[in-house]
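K.L.:
Could you build all of it, start to finish, from the sequences and the hints given here?
From first to last, the protein sequence lines stand for chains A and B.
With the numbering used here applied, the first sequence covers 3 to 449.
With the numbering used here applied, the second sequence covers 16 to 287.
These aren't lab readings, by the way, just hints derived from the structure by calculation.
All figures in this text were calculated on a predicted structure; none of them were measured in a lab.
Treat the hints with care, as some may be off.
[Unchecked claim] Computed far set for chain B versus chain A, every beta-carbon distance over 12 Å: (1) Arg17; (2) Val26; (3) Ser41; (4) Gln48; (5) Leu64; (6) Tyr103; (7) Ala116; (8) Gln124; (9) Pro134; (10) Arg140; (11) Leu178; (12) Glu180; (13) Ser215; (14) Gln228; (15) Val240; (16) Phe242.
[To be verified] Some chain B residues judged to face chain A by a derived CB distance under 8 Å, without partners named: (17) Ala51; (18) Thr53; (19) Gly68; (20) Asp75; (21) Pro127; (22) Leu130; (23) Ile131; (24) Phe136; (25) Met137; (26) Pro175; (27) Glu177; (28) Ile214; (29) Arg241; (30) Glu246; (31) Gly247; (32) Leu251.
Ideal Cβ positions, reconstructed from N, Cα and C, are used throughout, including at glycine.
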Amino acid sequence: MRIKSALAAAAILTLTAACGGGGGESPSSSGGPVKIDFLSLAWQKDSVAANKQLVEEWNKANPNIQVTYVQGSWDNVNDQLVTQFAGGTAPDVIHNDSPALSGFASDGYLLDLKDRLPAELKNDIPQAAWDTTTFDDGKGGQGVYGVPFLQESQVIIANKKLLDESGVRVPTPDDPWTWDEFSAAAKKMTTQRVVPGSGDGEDAMGQGYGVAWPMKSPVNKTLNLALNFGGTFFQTSGGKTTVKVGPEEREVLQRIHDQLHKDKSADPAALGQGTADPLPAFYQGKFALLPAGVYLRQQVVEQAPDGFEWVTLPAPKGTSAQQGAVSQTLSIAQESEHPEEAMKFIAFFLNGANQAKLAKGDWLLPTSKTAAADPAMTTKENGWDVATASAKNLVVAPFLKVNGFDEWKSKVATPVLQEYFANKITLDEAAKRLVEDGNEVLERYQR
Amino acid sequence: MRRVWQYVALVAYVVFLAFPLLWLLSTALKTPQEMALTDPTWIPREPTLANFGDAFGEQDLVGASVRSLVVALFASVITVAISLPAAYAMARHRSLINKIAIGWVLVSQVFPFILIIIPLFMILRDLDLVNTLPGLVVVHVTFTLPFALWMLQGYVRAVPRELEEAASVDGAGRLRSIVSVVAPLLAPGVVATLLFSFISSWNEFMFALVILQDPEVMTLPLTLVRFTGPEGVARLGPLAAASLMATIPSLIFFAIIQRRLKSGLMAGAVKG
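P.N.:
Here it is, written out as structure tokens:
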């Protein structure tokens, strides 16, 4: 009886849903407002709120162009898009990041925005950022396949108390540490100190370290910092791209390795961790400096125990302070029936004032020059001034335009760099494998 | 004494099984500060309901649960309705075609999802089923059917043929013996298959991700993933709160249906 009643309940529910919840039907466009689907990947609380609010504002002001906010997720957006592009049902406006655009652009799924960008939007975003979304159009020219709007730079998040106690010079955006100063500072902060949980007692003395390098995903971090010494890791000649690990590329690798194994100023426990994993130990003072992307400040603000003081320091500089950058982007699907309206929406969504809101919500850097000047982006609070100032050092990441980079990264570079930082292989061996195994991978993409 | 040890073992097993659920509950009640402690505790020091507030405030969890429930119920009932007669035929009429069919069913299980997802999507699009719950139900039925068939076939085979023969000696026709003799004995098998299909559909993510696009039709797994960011970073508090709420409907479904899941109905049915 019980099963029968359960089945009956199922049937009733089903019927109700089939009648009411089928959804997905958009009203015919004749005479009605234009409908645009906007796939957003925002996931932080403030960022989701900012996205929803901007869409609402737009819909209120533009009754003839109604935008539907569809939330996606970073982890599987590309699987989702591949299927929807192939099936011809992709959203009109697509949020993604610049490394993903190159493949979709060359397959013809994304609209070239080059001649559609309003002048105001185009001029408000510096060329270095546009470079991150400019790719071959497959016809011998170059096309712009997305509007870049949020970027990440590397900074150092520091324990203020340990920084002050060490007496080292506090770096500023105008006068950052050199890598030598950075290494010396980390050494100075490597001391025996009270580290809760490090011994049997509650507050036992333990080994404190200067810095932590969480290197579970080492590739993007080291490649972006390698630009400090002009290290690009890739070279193109005669239309053929190969991997190179010369003296410029070796600098940052060697320096991080030295901190770990020669100076012993880097916490060995953090080495195998993901970016955010060392934070609990950071709050306890086990190490003083955490090189990280600017977005990690959000977690520190949210999680740090009461009374924990921290500051944001600029990343160290080598022969220059340059860092590689990729961007978050908004693109328009090639098959969109309303590209004009979609472009109008993007221009509104990414204007200076709105970019400031989005950047604040995601704790990232806006590409818009107007947004970067917004008081919210330059306040000292939570290190926004240092973070925003670091944007001037961002140049397009050299790996962004390398076909086959993703495979090189996962199959070659990640294991090789992990082994190198764990001191299992020498720098020469690492360089040899990065180049030889790497070129084999790249070769396949260039036939 | 032996009984005591049995109970100890049982309690240990239950704790082992319940651990993830209890940890989920504990995490859902913690503040972000507490989640970042290096020595986490079971019982939150300052319990908070803020995570539940965030989870329900940001996402339509109730609506998504109802839609998931409808899809899972529909998919599991249809799966069983189709696979039951097929399983009976396969188990009772053994022929070459049967063997080939069973082999084919097994082979179909080997295909990776991702290989067929684009062609499947095209078919659904041509049928106007993209972005609809019936479309998702069709896909879920298609994907649980082979295994359900395989599972039920085993149950049918376990019902001794002699029972049907005995019924026919007593004058029952084929239909009567199926309805009055075989069907009641298959109840546990049907329940187990229903549960399997229900859980497969309830948890299914990939197809739902590509088929459903409108916020109004999204199912629960799609809603839960909204609390995660790039490279595995997640908003643990709201995610734990939402996941906890997401397990409740399936727990209730289990509680209702598990009483039917008993074995031994056929013990002693055929002598010697």
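K.L.:
Checking against the hints above, which ones are violated?
P.N.:
Of the numbered hints given earlier, those the structure breaks are 4, 9, 10, 14, 15, 16, 19, 20, 21, 22, 23, 26, 27, 28 and 32, listed in rising order.
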